[in-house]
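Participant: Sequence:
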Amino acid sequence: MVVDRSERSCLLCGARFTGRAFLCRRCADAYRNGPIPAEVRRRFYEAIDRVYPTWSNTYEEYNPPVGLLAFLATLPRTMRVLEIGAGGGFALRAMERMGFKRLIGLDLTATSLAEARRRVPGARLIAADAERLPLQDDSVDVALSSDLVEHLPDLDGHLAEVARVLRPGGHYLIKTPNRRPAEAYYRLRGLYDYHFWHPSMCTPGELARKLARHGFACTFVPPARLTQAQVRKIPVARLRPLAARVPIGWLPTSLRPHLEVVATRR
9 MVVDRSERSC LLCGARFTGR AFLCRRCADA YRNGPIPAEV RRRFYEAIDR VYPTWSNTYE
69 EYNPPVGLLA FLATLPRTMR VLEIGAGGGF ALRAMERMGF KRLIGLDLTA TSLAEARRRV
129 PGARLIAADA ERLPLQDDSV DVALSSDLVE HLPDLDGHLA EVARVLRPGG HYLIKTPNRR
189 PAEAYYRLRG LYDYHFWHPS MCTPGELARK LARHGFACTF VPPARLTQAQ VRKIPVARLR
249 PLAARVPIGW LPTSLRPHLE VVATRR
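Sequential numbering of the sequence shown, starting at 9, is according to our numbering.
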């Protein structure tokens, strides 16, 4: 999430400041080393939807998990699929169009669920925290999260929950920013509050080790191109059309701007 530099209000306290960050420095510092309660996160992301709707995943589809959707297209349509952090329901709609009927969407915010309900009325939608999934053990064949896990303060707790609800042999499909390229970009752009909204970014090795601790074997899926969201972040506008056409799958996994992972529960 990156927006243009402007005068704006802190999304938590309302203080005015100029910059690209979402929080004033006081609020950013308040959560630099401490836990971020679920209610605070919910208020923040609902404020994103209100104030920066074109940069949320609720009203616009600009950052789809292309490689993960291609993997899903190879699976039986009878599978029960859970999307965690469903946003406005864009991936749920794509899966419905593929022929998947047993769809569950989970999100923390009321704004996202209202949009998802409008787009995919046939899906079961749940308001819940991704770190406490209200589903039975071994009840899901596939779980998907796109640009979610980096937002979670307790990534290990989340992965334990996903391992619990997935059946043995089930897949967890994850799209997330690659930590080192993302951190370099955020620092360059003056986003001093990224620790608040991306507290759990990982390098490929860090993510693979975390998944292994929770009983997953993982395969990284090479991306074909930059996503629309990544292209929009390029500071020089005239370079964006060229960047959108450049293949990036040849890059080493450690240098890719984002990671797409198929994690299989052992």
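Hints in this document: simulated from the structure, not taken from any laboratory. From a predicted model like this one, the values you see are computed outputs, not experimental measurements. One thing to keep in mind: the hints can contain errors.
Computed beta-carbon distance windows for the label pairs [what the hints assert, rightly or not]:
1. W258 <-> T26: 36 to 44 Å
2. P142 <-> L250: 39 to 47 Å
3. A135 <-> K241: 25 to 33 Å
4. A23 <-> L83: 41 to 49 Å
5. E68 <-> A251: 14 to 22 Å
6. R274 <-> T82: 37 to 45 Å
7. A46 <-> R105: 27 to 35 Å
Within a straight-line C-alpha distance of at most 20 Å, the following computed EDC-like cross-link-like pairs (lysine to aspartate or glutamate) qualify [to be verified]:
8. K218 <-> E104
9. K109 <-> D149
10. K241 <-> E15
Ideal Cβ positions, reconstructed from N, Cα and C, are used throughout, including at glycine.
Participant: Output the indices of the hints that this structure fails to meet, ascending.
Facilitator: Failing hints, ascending: 6, 8.
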